[in-house]
Amino acid sequence: MSENLKSSKTTLKGPKTSAKKQKGEKAKQSSKGKRKQLDKKDEVDLSMVGIGHPEIFPLVFTTKTQEIFNCRVDEDVTEENCFKLIKKEDIIQDLKTRAAISDFHPVRKIVLEYPGEELLVVFDANFQYGQNFYLVASEEAKENFLKPPETAEEKEEENEEEKEGTLEVHPYKRPVHKPWVSLGSEKEVEEESVKDYVTKIKYMFSRVRRKFGAPIRFTDKNASHVKGSYVECTSYEDKSFSIKLLEKDVGVQMVPKVREASTQTKWTYPKNAATQYFPRQLSNEEKEESLSSEKLKEFLTSVHLRMEIALQQNEIMNAFFDDWKALAEDESSSGDKSDVYLKAYQSFTDTHYLKDRSISCVCWHPTIYGMIAESATQQLSYEGRINRSNKLLMQDSIIFWSFFDPTHPQLILKCPDDIYCFQFSPSDPNIIAGGCFNGQVVLWDISHYEEKLQNAKSVAVGDKKAVNMDNASVLNLLECNDMSEPSFMEGNESGTHQARYCASSSIEYSHKTTITDIHWLPDYFEVNRMGTTFENRAEVCVQLVTCSPDCSILFWDIRATKLPAQRPSEKVKENMPPEVPDTFKHLNFSWKPLIKLNLCKSNTSMEYSPIKISLLEQHYHYKISDNAQSLNKPQALTKERPYAQMSVPSNKTLKVLESISNNFFVGTKDGEIIYSDWKIKIDSASGKPVSKKPSHKYIIHEEAVNTVQRSPFFKDIVLTVGGWNFAIWKEGVTDGPIFQSSSTAKKYTTGHWSLTRPGVFFIGREDGNIDIWDLLKKTHEPSHFQNISKSMITCISPWIASPTQQFLAVSDDSGVLHVLEICQILSHSSSNEEVNVLDYFEREVKHLKNNKKYQEFQATE
Amino acid sequence: AEVEETLKRIQAHKGVIATMVINAEGIPIRTTLDNSTTVQYAGLLHQLTTKARSTVRDIDPQNDLTFLRIRSKKHEIMVAPDKEYLLIVIQNPCE
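In order, the protein sequence lines correspond to chains F and X. Here the first sequence is numbered in my numbering, starting from 28 and rising by one per residue. Here the second sequence is numbered in my numbering, starting from 6 and rising by one per residue.
Extracted from the complex, chain F is given alone in its bound form (with noise of 0.2 Å):
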């Protein structure tokens, strides 16, 4: 303990005599170490609690102080004598008399409070604890301090004593035992002891060792049997009081059953699959109200520049035009003279069916990829013609070739005379009608054939099918001829089928001469007998329209009229051959023109002799822009046309459409081009329908015009092909051709607008070439010229095959059927192509005008 002490004693004590130097400055290392760490902490702990000893107090003394107290530095007190024993009541009295500037101000309450009578100040030379004094504040340490410093004294120097004398360690002494002495804990353990104070009591419990697992067995047992198993209280009636009931109450209710299952399913939450609504509306009223209120003119002041400032930017410039494609596409399509070219595809010709013949019309198959249908005509004689018909031969005068089987024909369709124009309908490919030489019109149903012709690909050429048709009554019950001469059909080909007209018009009421030309009505419209133009709710093609050099046009519809039929069934043996569909069996025989057209020349009691018809409304087979919904369509009709059913509808069902122009082009054969309406009149004089008078005629080219064409970008654009020279019409410009090509060496016999390229078109020569013009490049002579075969050109038909394919199929007269291909030039048109023809158009027609206006101003002078 005392060694205890010592350590603690040399880390408390300051000032060290000069023995105890070694310790002391280790202490004092020490303690500054910790005198440095107090400076850091806060001033208001004054003690040495930081340190350890919380019973030193750092004190300043001043020179007053110290004098007061007799502690002056190096007189009363020293370093080595630097205690110093202070009275209490003194520090009081100082504290008393000087207060704050007292020094010992900071610690009065320490000095207070001290329990003992002296205390302890120690001078701290060395600045140990921070000042040059410090107090001591308890007793024990003061004590320490005054006392063991004298033992330490002696101690260290009974130490100095035996170091100076041997080094030795001090020997160990083994703790003695010395007796227990009891400080009265005993008690304390006595009592927190366990101890047994009752006897345990003892059970044992047996029972024999095979009862031990068996099996358990339940029973039953009434409690009321046995008796004390349990106690009830009873019930009993209380005789002195009873209420017996009388009526009660009682409600009932249905409860259907109702039984809950559940199942899992895939469905995850509602959600709107279709909203039905109508928009809100506001009543005439309303909208009145509105349209005078404040506020609306207000909005309209504050808005309307912001309107206008917009309008008027779209119309000085387009923001959003892209010039660097512009400019790409101007160099693609400016091509070389080399590039451009018209590729043998293919041709067709067959020796059996096509000798000596000519082809006179050209139509491609809108439906079927590579079918193109001509029809071939023989140049006769009078007296030739009359001994053919007289034998009733059928001609084969419709074939159908495929692009997969170019030797053999796939389809042939038969017809008592030559066709000189025939047109697939728009609306069913199935249906085919044809314009005889003798000015019958045949229709065709050849829906039998449809898939054998889809499929030509995989006719074989050792298919043999022989198609064995009779050949029956073909004119008309009235004409009285030859009735049924059953005669047999030449030649069953190998693969190729052969099919019989359907329907033929009554020759009465036909054309007198060769039909030129026949087109179908397109399905939106149709026509009355008085030429009213009303809708057509068919939606199918169902009119035709005729035209001769007779003079006449006829329209011609196909459903059966209302009109009493005469009964020709009859009268005569209807021997149509059993294989023949019976799509047109009401037409047969009876077949009548719905509107006949006199074309009159105005002044003169001539007639014009039309060659060429085209309308306006013109159905295309091939639409520009969607191909694919154009070849759709027709896929859609897969059941049978009923056209025996349909029947021309009344007039006041219909609707009337006004939108649908009367007016048309014809050609003629003295070369006029003739402007005029179809709707009848009623005369007024006579009271008979009258057709109207053309309107407008021109006389631009020498001979019989053999194309009359709409374009197919522009409807009101006409191209006319006849004698040595072609022209551009635009409908509406009365004045003339607004383009009229100089006169050429051969003479032009066909002409057709490309499908793809508005400024383009395709003229056919005597000598067997091909004119391809280009508005765009060249107006005074063909961009580009190519030599199909050595005869006349007959017919051109261009074809889209697809996007990238495009077919020209040229007939010539010697019975060769060519099919080119277009190339990339003459196919794509670029993006303002339409723009700048049309541009070119409207330059043309206000040259025209500017001419005649100058030509009036002459012949004025």
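Treat the hints as calculated values from the structure; they're not laboratory data. Even glycine gets a Cβ: it sits at the ideal position worked out from N, Cα and C. Heads up, none of these hints are tricks.
From chain F, some residues computed to sit far from chain X (all C-beta separations above 10 Å):
{"id": "1", "residue": "H132"}
{"id": "2", "residue": "I137"}
{"id": "3", "residue": "V235"}
{"id": "4", "residue": "E264"}
{"id": "5", "residue": "L354"}
{"id": "6", "residue": "I726"}
Capping the alpha-carbon separation at 20 Å, the derived lysine to any residue pairs in SDA-like fashion look like this:
{"id": "7", "chain 1": "F", "residue 1": "K352", "chain 2": "X", "residue 2": "R76"}
{"id": "8", "chain 1": "X", "residue 1": "K19", "chain 2": "F", "residue 2": "E342"}
{"id": "9", "chain 1": "F", "residue 1": "K322", "chain 2": "X", "residue 2": "T71"}
{"id": "10", "chain 1": "X", "residue 1": "K79", "chain 2": "F", "residue 2": "N863"}
{"id": "11", "chain 1": "F", "residue 1": "K314", "chain 2": "X", "residue 2": "I34"}
{"id": "12", "chain 1": "F", "residue 1": "K324", "chain 2": "X", "residue 2": "A6"}
{"id": "13", "chain 1": "F", "residue 1": "K314", "chain 2": "X", "residue 2": "G48"}
Starting from the structure of chain F, add chain X where the hints point.
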């Protein structure tokens, strides 16, 4: 009368196909198109204008939509919004 005149003037601009005045709820008040088309335009453009306006204001609450132009392949739809009304003009830019 002034209202008529202003609308007529706007309609007379080059290329203008249709003009419509719609109230704040999207119900057409005055139009030059047929009813079904007008109603369709009104409903759709009203919603789009509201969306556009809320977009502009979300980004900057001090801002507001003054004009909306939708340029399509065939024509341009111009919408001038206001507190209570909407003026819609459909124009075919000359190209």
